[in-house]
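2 protein chains.
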Amino acid sequence: FQSPANPFVSDSSNSLFVDIESLQRQIDELSTFSDTPAPTVTRILFSDKDVLARKYIKSIMCQLGLSVREDAVGNIFARWEGYEAELPAVATGSHIDAIPYSGKYDGVVGVLGALEAISVLKRSGFQPKRSLEVILFTSEEPTRFGISCLGSRLLVGSEQLSEGLKEAVDGQNTSFLDAARSAGYAEDQEDNLFSSVFLKKGHYFAFLELHIEQGPILEEEGVSIGIVTAIAAPASIKVDFEGGGGHAGAVLMPARNDAGLAAAELALAVERHVLASGSVDSVGTIGILELHPGAVNSIPSKSHLEIDTRDIDEERRNKIVSGIHQSAVEIAERRRVKLSSFKIVNQDPPASSDELVINAMEMVSQKLNLTHKLMISRAYHDSLFMARISRMGMIFIPCFKGFSHKPEEYASPVDIANGVKVLALTLAKLSLE
Amino acid sequence: FQSPANPFVSDSSNSLFVDIESLQRQIDELSTFSDTPAPTVTRILFSDKDVLARKYIKSIMCQLGLSVREDAVGNIFARWEGYEAELPAVATGSHIDAIPYSGKYDGVVGVLGALEAISVLKRSGFQPKRSLEVILFTSEEPTRFGISCLGSRLLVGSEQLSEGLKEAVDGQNTSFLDAARSAGYAEDQEDNLFSSVFLKKGHYFAFLELHIEQGPILEEEGVSIGIVTAIAAPASIKVDFEGGGGHAGAVLMPARNDAGLAAAELALAVERHVLASGSVDSVGTIGILELHPGAVNSIPSKSHLEIDTRDIDEERRNKIVSGIHQSAVEIAERRRVKLSSFKIVNQDPPASSDELVINAMEMVSQKLNLTHKLMISRAYHDSLFMARISRMGMIFIPCFKGFSHKPEEYASPVDIANGVKVLALTLAKLSLE
Ligand SMILES: [Mn+2]
Ligand SMILES: [Mn+2]
Ligand SMILES: [Mn+2]
Ligand SMILES: [Mn+2]
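Sequence order for the protein chains is F and S.
Letter by letter, the first sequence follows residues 49 to 481 of this note's numbering.
Letter by letter, the second sequence follows residues 49 to 481 of this note's numbering.
To be clear, the hints were calculated from the coordinates, so they are not data collected in a lab.
Cβ atoms here follow ideal geometry from the backbone N, Cα and C, with glycine treated the same way.
Accuracy of the hints is not assured; some may be wrong.
Below, a list of computed lysine-lysine pairs in the DSSO-like style, where the Cα atoms sit at most 27 Å apart [said to hold, decoys possible]: (1) K386(S) x K449(F); (2) K170(S) x K106(S); (3) K449(S) x K386(F).
Pair ranges (Cβ atoms, derived) [to be verified]: (4) K286(S) x T84(F): 17 to 25 Å; (5) T84(F) x N240(S): 37 to 45 Å; (6) E268(F) x K286(S): 33 to 41 Å; (7) S388(F) x A303(S): 29 to 37 Å.
Quick partial rundown of chain S residues pointing at chain F, CB under 8 Å, derived from the structure [what the hints assert, rightly or not]: (8) Y149; (9) G263; (10) S284; (11) G293; (12) A296; (13) M301; (14) V322; (15) V328; (16) V344; (17) S346; (18) R426.
So that you can see chain F by itself, here it is in the shape it has in the complex:
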């Protein structure tokens, strides 16, 4: 680790200069590319604002002297060539898409922070042995096409997704292909359009992601750095009920089969199944519940729910998914509505961080005199998928009250700078492995 060729790594780690003012300015500026007013941020995949935000990121990449590549789904790669460029590179990155009415730190800290880490290393005179890459992943959030971690999921070789994307449409019936093309991607007409994105196992030596914790633990315990050992396993489900509908005045209660009340019951059943697991690590959420036709004087004839459930224990989470399915069937039967669809959109296994990477992050944190702890990530990240083709590790920093996915989301400049320092030194260390 103490390489004579890199005095920076051995000597100056305590005087590392993170230009936090510039980084904060970039975070603030990026947040203005939003479809909803500040302090909320809404940046949906391939929207005009997303395209502008991508341009902004690419301009920073270019200013840093990195070579920029984009793939067919819009993953963006910025490379700093190492002096042993034939070795698998060390990569880091995150996402900049933002769910409706959310905040400005989720994902963004791991993209702009990674570019600042490269900047730090460049200013210090460091020369990488393995190349370093910063990745901006397409659509970590499932907002537009219902597919979470779309870019990283495809990158690590999902054949199913590669095929599925050709037919995928959003809520306005715009195809993924048209949306991607309008943003300047997916322009080739070839058969392997999306499988061209796949990267082989071993393509990267290691992948790191810097991210706000999105939970309250680091802040509550006054710890600066969270070193993630595992990422919880998410499953998401779409459910549709169909009933008879009708006039809210004229159809008497015994004659009703109300698809909306079936949805309300299922929402509460999800909560019940999650609580019945007995573990605080089980969570379940109904973030989307829509009624059709959606008129005050009309009995809902259709309802649509989207359910998210996660656990660090895959088996326990799968048991919750089965429980939800049983409830949906039972509710439909009892209320005489049709369970017209129960679709498990994804049911991913959890991922573990790599020992080598964990050790490097721990060593760097100690060196920097930053308090740190090993912890679990309850939110999923692109790292969940990158772990399938590469060593993986994540760096968490504290965030205000653990808030995320809402405008109150906040991480302090000091905490962000600490995260960038740990990322920079870990990148440097792994680059020399």
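Given the coordinates of chain F, work out where chain S with the ligands should sit on it, guided by the hints.
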């Protein structure tokens, strides 16, 4: 009743010629003015399609030689001057707005059917003594501004509505004034803009409305004509909950205060309170339930419900409304969410039909050899409000399985023709009173 001046009324009632083919063609043509594809109909107040549909109705009114007047909120009046024109007129009418994804008969039968009734009377050589008027009411449905029977409610002198309309906005934050102006109404800048719509008690001698039953009774019992004796009393409520929101993975269950689950619980509580009334005449519906921000991986931080509850017994219905309020308070407290709004939008008293009008409708039905029965209207209608300033009566015709507010809504040409005959003869009879 057997006026020598009107041989038609006495002699030819069995050979009354309703041009049902033309009427059916008009009903079909009107249904094409829709924002959603056939067989669904969506015609929202002051939308482009509503404006086109109004033009279509006015052209028929003109072709019949009626004089057309429009008031500041877009109620349309077509008058056939009687030979004692100074007497209060006899009026009939209904609405042509259609809730999203509904059918083509609700309201429409009472507007186009009324114009065909006038046509029938004109063809027969009948001369009215009291003038006859056909009214198209603005926005019977509450779809756009959340106000049911907007046109008739204002017509009968609601000061509260007259003031409220100046501030009213729709879901897209378009003001009622702007919407009305874009449709060619509300153009005066005067203080009494909306109170100019008010009509005094006694302005009309009687008001009649022809409407599909929107319930299954007439069809099931094989009865041709329903004579409405009373209209059930509707109340509608808007409820908002606010919770903490947050990330669907990171916020553990004990730390949540989920506004969406509060809404789901309240929806089920509405059903419970309605069933607890013990009467089949109590109904309650949650037609609108919206979650914010509406992302699969975000805990709902806000929820909005719109509740409709009705009964033929006002006191019993009011008890249900109180029960719903108690539940909303209790749920908010238990789930640690804020009940940020509980607004009773309207809580109208029921209305009774007038004896004179009921008797006239019964006599006419007998004369026409049409089976008929006295019944209650569980749906509300503009008649509910017209009853405040005029004698009122309603004619129901059978509809397929009682379906309404959905595309399967259907009334047969024979049943429509029967309704038009009863309406025509009742108008003629009351005109001569
Ligand atoms: Mn996120
Ligand atoms: Mn994220
Ligand atoms: Mn209606
Ligand atoms: Mn109606």
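Notebook entry, point to check: Can you give the numbers of the hints that this structure goes against, from lowest to highest?
Noted result: none
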